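Please put together the full structure from these sequences, using the hints given.
Protein chains: 2
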Amino acid sequence: MAESLRHSALFTDLYELTMAAAYFENNFRGQASFELFVRSLPKERSFLLAAGLDQTLEYLEQIHFENDDIEYLRAQPIFSHLSNSFFDYLKGFRFSGEVWAIPEGTPVFGEEPILRITAPIIEAQIVETFLLSTITFETLIASKAARVVAAAQGRGIVEFGSRRAHGPEAGVLAARAAYIGGCTGTSNVEAGRRFGVPIYGTLAHSFLMAYQDEEKGFQDFEKLFPDHAVLLIDTYDTLDAIEKIVHAGLRPRAVRLDSGDLGQLSKQVRRRLDQVGLRETRIFASSDLDEFVIADLLAQGAPIDNFGVGSALATSKDAPTLGGVYKLVDVETNEGPSYRAKFSENKVTYPGRKQIFRMRDENGIYQEDIIACADENCEDENHDGEPLLSCVMRQGKRLAASPSLDIIRAVAEKEIADLPEGLRDLRIPGKAYPVRFSRKLEMLLAEAKQRMGVV
Amino acid sequence: MAESLRHSALFTDLYELTMAAAYFENNFRGQASFELFVRSLPKERSFLLAAGLDQTLEYLEQIHFENDDIEYLRAQPIFSHLSNSFFDYLKGFRFSGEVWAIPEGTPVFGEEPILRITAPIIEAQIVETFLLSTITFETLIASKAARVVAAAQGRGIVEFGSRRAHGPEAGVLAARAAYIGGCTGTSNVEAGRRFGVPIYGTLAHSFLMAYQDEEKGFQDFEKLFPDHAVLLIDTYDTLDAIEKIVHAGLRPRAVRLDSGDLGQLSKQVRRRLDQVGLRETRIFASSDLDEFVIADLLAQGAPIDNFGVGSALATSKDAPTLGGVYKLVDVETNEGPSYRAKFSENKVTYPGRKQIFRMRDENGIYQEDIIACADENCEDENHDGEPLLSCVMRQGKRLAASPSLDIIRAVAEKEIADLPEGLRDLRIPGKAYPVRFSRKLEMLLAEAKQRMGVV
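Respectively, the protein sequence lines represent chains F and Y. For the first sequence, the working numbering assigns the number 1 to the initial residue and increments by one for each residue that follows. For the second sequence, the working numbering assigns the number 1 to the initial residue and increments by one for each residue that follows.
Simulated from the structure, these hints should not be mistaken for lab results. These figures come from a predicted structure and were not determined experimentally. A virtual CB, placed ideally from N, CA and C, is assigned to each residue, including glycine. Check each hint, because a few of them may be wrong.
With a Cα cut of at most 30 angstroms, we get these calculated DSSO-like pairs of lysine-lysine [unchecked claim]:
#, chain 1, residue 1, chain 2, residue 2
1, F, 267, F, 244
2, Y, 43, Y, 397
3, Y, 216, F, 449
4, Y, 267, F, 267
5, F, 43, Y, 216
6, Y, 43, F, 317
7, F, 216, Y, 449
8, F, 347, Y, 223
9, Y, 317, Y, 449
10, F, 223, Y, 91
11, Y, 91, F, 347
12, Y, 449, F, 244
13, Y, 317, Y, 43
14, F, 223, Y, 449
15, Y, 317, F, 347
16, F, 431, F, 317
17, F, 317, Y, 317
18, Y, 449, F, 449
19, F, 347, F, 440
20, F, 397, F, 317
21, F, 431, Y, 317
22, Y, 347, F, 244
23, Y, 414, Y, 449
24, Y, 216, F, 91
25, F, 244, F, 216
26, F, 347, F, 267
27, Y, 43, F, 43
28, F, 317, Y, 397
29, Y, 317, F, 216
30, F, 223, Y, 244
31, F, 317, Y, 244
32, Y, 216, F, 347
33, Y, 347, Y, 43
34, F, 449, F, 414
So the derived label-pair ranges between C-beta atoms look like this [to be verified]:
#, chain 1, residue 1, chain 2, residue 2, range
35, Y, 240, F, 436, 27 to 35 angstroms
36, F, 386, Y, 153, 52 to 60 angstroms
37, F, 390, Y, 413, 26 to 34 angstroms
Okay, the calculated bits of chain Y under chain F, using three or more residues with CB under 8 angstroms as the criterion [said to hold, decoys possible]:
#, region
38, 147 to 158
39, 271 to 284
40, 420 to 426
Right, dumping it as structure tokens:
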């Protein structure tokens with residue numbers, strides 16, 4: 001899908017580099033494992049849809065410091081006294097580690113590692129910021145999209161939010177993630193080019209305002225795009241605009257409503273379109289939509305065929321951040337590998353590399369997830385859950401090409417269908433999906449606490 | 001500040017390109033003016049701080065279509081039947097227009113044009129998506145930062161949110177905007193390199209977890225960064241960590257708290273630091289902070305010197321979108337220039353190019369803004385307000401280099417100080433800042449409605 005953005009290795013928090021220097025100068029080069037997860041779901045979500053892995057792996061394969069990156073660092077007061085050897089190390093820096101990950105499009109829950117990195121500790125540390133922002137943002141948007149798509153009950157949702165996204169690049173990533181979450185496509189052309197997301201477009205008010213003569217505007221646009229034109233009819237007077245379409249003898253593929261009472265208007269518009277023989281003309285609606293507005297419109301029987309959703313989707317407006325974390329779980333010391341845990345108030349991190357086992361009933365419906373040690377034998381827990389994390393990168397190289405976006409989207413659709421009763425409801429159920437830690441993991445945490453003298 | 005990102009001309013909504021094709025094929029080449037504004041402030045904001053202009057102008061100076069952009073478009077079913085001449089036009093596409101803008105760092109309110117573009121209509125249309133996402137995102141974050149900075153009453157705020165931003169690039173733009181809004185700096189190294197934002201870093205839990213021996217971790221880090229080290233003390237037990245610092249004989253520049261009851265803990269930590277003669281050691285706090293938490297901590301007398309603010313700032317979590325719009329206000333026709341207005345329900349757009357006049361009292365405090373016609377004589381309204389929009393680009397070239405980020409930040413600080421009573425309060429005042437349209441503009445709207453037959 002054409003060239004990708006060059007991601008500077010400086011896309012990181014300064015402390016990653018100061019810690020890198022301290023590890024380097026103190027000859028601390030052991031392998032470390034970090035896990036990326038969301039501690040708990042926002043109260044507005046009952047599941048998340050993992051996304052962003054492909055961008056993450058692409059970044060890990062190409063991360064390096066350019067000379068001017070290093071010159072910039074060297075000139076910072078905090079680094080100016082460091083030896084050349086650290087900067088020489090940065091010159092040769094590449095990511096040489098191993099990555100385990102949950103496939104994109106898979107539902108995940110709080111505490112579940114979406115990704116695990118095992119690499120020399122400096123490498124694992126420097127990539128933290130990029131990985132967190134990429135994985136949690138795409139996961140955020142894919143998860144929101146799944147809700148909007150569910151609300152539309154089979155009608156198409158086009159992601160329309162580029163102009164409201166957090167900068168141009170966020171719009172492109174949002175479009176990709178929204179497609180994974182089940183959207184039909186996006187208005188963002190760059191997302192089409194870069195990721196192959198299907199692109200859709202209608203018509204802006206400005207076009208009809210520029211023409212002044214609305215009917216002439218409709219005619220010229222329809223003439224140029226006979227099979228694709230979606231005519232925007234609310235610039236001046238919605239019902240009047242339909243008469244102009246009829247008067248001009250046009251048969252647009254669809255008309256778009258972008259203001260007013262969409263429930264009422266869509267019924268009036270449908271009735272009139274049918275009266276004049278434009279039964280094939282679809283109704284496309286936009287205007288500050290989200291999953292609740294869409295569900296409400298459909299409950300009213302609004303004859304809307306497709307929806308364009310902008311701000312609410314591209315910014316996950318009701319829950320605009322996931323609070324993802326990236327935690328050290330083990331590290332190689334002179335005495336061999338050793339677990340790591342953290343006990344800060346309300347921010348406990350379980351020790352050791354983990355695997356998630358997902359239990360399903362005989363119909364494939366999710367029953368329970370168990371977060372266990374990576375090397376744990378399922379049988380210890382008397383379950384036959386499927387492991388969710390698999391190895392996708394070794395020694396800094398992908399083990400296989402990522403699945404196509406269409407496959408990821410299809411996986412997501414199937415997996416969402418397998419969620420237990422209530423989890424697809426727009427109103428969040430009182431009972432969260434059951435996720436527990438294995439007995440072995442609970443024991444490891446207790447041991448780690450004891451070892452560190454924490455009661 | 002080193003190289004900037006190449007922004008593909010495909011960072012746009014598909015309809016901009018279909019409309020461009022329609023304008024092109026129908027020989028609609030007149031100059032058009034579009035204004036970018038926020039219709040109304042989110043209810044969580046009493047003013048906005050304009051930001052993002054520099055990135056906008058940089059984009060306008062370099063926008064063009066690469067051959068592979070054009071090949072991608074040509075391959076899309078919607079475009080495949082178009083003539084070569086449209087694609088040839090795109091090959092030569094450059095932005096040749098004029099831009100008027102409010103300087104970055106200036107407070108703005110609902111309905112006030114932050115930017116006005118006058119250009120051949122195709123050019124003005126294609127750049128819409130990029131301009132909206134860039135200006136409204138940076139404005140969003142600068143505005144949020146101003147609130148967080150106000151809450152800290154002179155204490156430093158470091159923007160810490162890259163990992164929670166909407167993708168890596170959003171983190172870089174957020175860091176720039178947060179600095180304009182008054183933050184001391186950012187943790188984002190790329191924002192330091194690209195924009196010269198001061199960069200700050202502390203220490204992560206992972207570092208101390210990797211060492212296992214917390215005291216040894218503190219020692220090694222402090223030894224390497226004697227003047228800069230901010231030691232994170234809550235990995236296991238906060239007060240115990242202080243004893244380790246004392247035991248090791250360290251004199252850190254600061255200690256950082258990242259969990260627990262920050263009000264209580266900061267008092268205990270301050271007391272202990274003072275007891276052991278570490279009066280110079282500052283206290284830095286983070287952990288899900290926002291303007292309300294900071295105000296509350298300071299009201300409790302928490303002896304915190306600096307704050308790190310992440311998610312709430314980098315995503316403007318309480319109001320994550322501004323709903324910016326970009327509206328056609330006039331267009332050149334065969335009969336000469338002509339105003340354009342829009343009357344969709346609740347989405348009226350006033351006709352014609354505008355200027356904003358800001359009235360101040362004798363102390364420089366803002367009193368009222370009047371949105372008037374661009375060519376309006378201030379005296380018609382008996383006021384002597386200062387015009388806020390000035391011409392910054394002509395024929396696609398900047399008229400001057402942008403002011404430095406430090407100047408923009410200083411302007412913002414001064415202008416925020418000039419806001420009327422109540423507008424800097426964290427709780428939004430019942431009374432909004434007064435912004436009205438000039439009498440001439442109200443008349444033009446009435447005329448336009450009459451002309452279009454809207455009552």
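Against the structure, the hints come out as follows:
Restraint check: the Cα-Cα separation between residue 267(F) and residue 244(F) comes to about 18 angstroms, which is no more than 30 angstroms; the hinted pair holds. For the proposed pair residue 43(Y) and residue 397(Y), the alpha carbon gap of about 37 angstroms is over 30 angstroms, so the pair is violated. Using a Cα cut-off of 30 angstroms, the hinted pair residue 216(Y) and residue 449(F) holds, with the two alpha carbons roughly 19 angstroms apart. A distance of roughly 63 angstroms separates the Cα atoms of residue 267(Y) and residue 267(F); the hinted pair therefore is violated under the 30 angstroms criterion.
Restraint check: the Cα-Cα separation between residue 43(F) and residue 216(Y) comes to about 40 angstroms, which exceeds 30 angstroms; the hinted pair is violated. A C-alpha spacing of about 14 angstroms is found between residue 43(Y) and residue 317(F), which places the hinted pair at or below 30 angstroms, so the restraint holds. Straight-line distance between C-alpha atoms of residue 216(F) and residue 449(Y) comes to about 19 angstroms, which keeps the hinted pair within the 30 angstroms bound. Taking the CA atoms of residue 347(F) and residue 223(Y), the gap is near 28 angstroms; set against the 30 angstroms cutoff, the hint holds.
Under the criterion of a C-alpha separation no larger than 30 angstroms, the hint pairing residue 317(Y) with residue 449(Y) is inconsistent with the structure, at around 39 angstroms. For the proposed pair residue 223(F) and residue 91(Y), the alpha carbon gap of about 24 angstroms is at most 30 angstroms, so the pair holds. Using a Cα cut-off of 30 angstroms, the hinted pair residue 91(Y) and residue 347(F) is violated, with the two alpha carbons roughly 54 angstroms apart. Taking the CA atoms of residue 449(Y) and residue 244(F), the gap is near 18 angstroms; set against the 30 angstroms cutoff, the hint holds.
Of the supplied pair hints, the one linking residue 317(Y) and residue 43(Y) holds, its CA atoms being roughly 13 angstroms apart against a limit of 30 angstroms. Straight-line distance between C-alpha atoms of residue 223(F) and residue 449(Y) comes to about 29 angstroms, which keeps the hinted pair within the 30 angstroms bound. Distance check on the hinted pair: residue 317(Y) and residue 347(F) sit about 21 angstroms apart at the alpha-carbon level, within 30 angstroms; holds. With a C-alpha separation of about 24 angstroms, the suggested pairing of residue 431(F) with residue 317(F) holds against the 30 angstroms cut-off.
About 8 angstroms separates the Cα atoms of residue 317(F) and residue 317(Y), which keeps this hinted pair within 30 angstroms; it holds. A C-alpha spacing of about 73 angstroms is found between residue 449(Y) and residue 449(F), which places the hinted pair above 30 angstroms, so the restraint is violated. Distance restraint check for residue 347(F) and residue 440(F): the Cα-Cα separation of roughly 20 angstroms lies within the 30 angstroms cut-off, and the hinted pair is therefore satisfied. Restraint check for residue 397(F) and residue 317(F): not satisfied, since their Cα atoms lie roughly 36 angstroms apart, outside the 30 angstroms limit.
For the hint pairing residue 431(F) with residue 317(Y), the CA-to-CA distance comes to about 26 angstroms; that is within 30 angstroms, so the pair holds. Between residue 347(Y) and residue 244(F), the direct Cα distance comes to roughly 22 angstroms. Compliance with the 30 angstroms bound is thereby established for this hinted pair. The straight-line distance between the Cα atoms of residue 414(Y) and residue 449(Y) is roughly 41 angstroms, outside the 30 angstroms bound, and the hint therefore fails. Using a Cα cut-off of 30 angstroms, the hinted pair residue 216(Y) and residue 91(F) holds, with the two alpha carbons roughly 28 angstroms apart.
A hinted pair counts as satisfied when its Cα atoms are at most 30 angstroms apart, and residue 244(F) with residue 216(F) qualifies at roughly 9 angstroms. Simply put, residue 347(F) and residue 267(F) have alpha-carbon atoms about 52 angstroms apart, too far for the 30 angstroms limit, and the pair is violated. A hinted pair counts as satisfied when its Cα atoms are at most 30 angstroms apart, and residue 43(Y) with residue 43(F) qualifies at roughly 22 angstroms. With a C-alpha separation of about 36 angstroms, the suggested pairing of residue 317(F) with residue 397(Y) is violated against the 30 angstroms cut-off.
Of the pairs offered as hints, the one joining residue 317(Y) and residue 216(F) is violated, with about 44 angstroms between alpha carbons and a cut-off of 30 angstroms exceeded. For a cut-off of 30 angstroms, the pair hint linking residue 223(F) to residue 244(Y) is broken: about 78 angstroms separates their Cα positions. This hinted pair does not check out: residue 317(F) and residue 244(Y) have alpha carbons roughly 44 angstroms apart, beyond 30 angstroms. At roughly 23 angstroms between alpha-carbon atoms, residue 216(Y) and residue 347(F) fall within 30 angstroms of each other, so this suggested pair holds.
For the suggested pair residue 347(Y) and residue 43(Y), the alpha carbons sit about 18 angstroms apart, so the restraint of at most 30 angstroms is met. With a CA separation close to 41 angstroms, the supplied pair residue 449(F) and residue 414(F) exceeds the 30 angstroms bound. Separated by about 31 angstroms at the C-beta atoms, residue 240(Y) and residue 436(F) satisfy the suggested range of 27 to 35 angstroms. Distance hint for residue 386(F) and residue 153(Y): a CB-CB separation of about 54 angstroms, consistent with the stated range 52 to 60 angstroms.
One distance hint, 26 to 34 angstroms for the beta-carbon pair residue 390(F) and residue 413(Y), is violated here, with the actual separation near 52 angstroms. Here the region 147 to 158 of chain Y counts 0 residues with a CB under 8 angstroms from a CB of chain F, which misses the bar of 3, and the coverage is violated. Beta-carbon proximity to chain F at under 8 angstroms applies to 0 residues in the region 271 to 284 of chain Y; the threshold of 3 is not reached and the given coverage is violated. Three residues within the 8 angstroms Cβ limit are the bar, and the region 420 to 426 of chain Y against chain F gives 0, so the coverage statement is violated.
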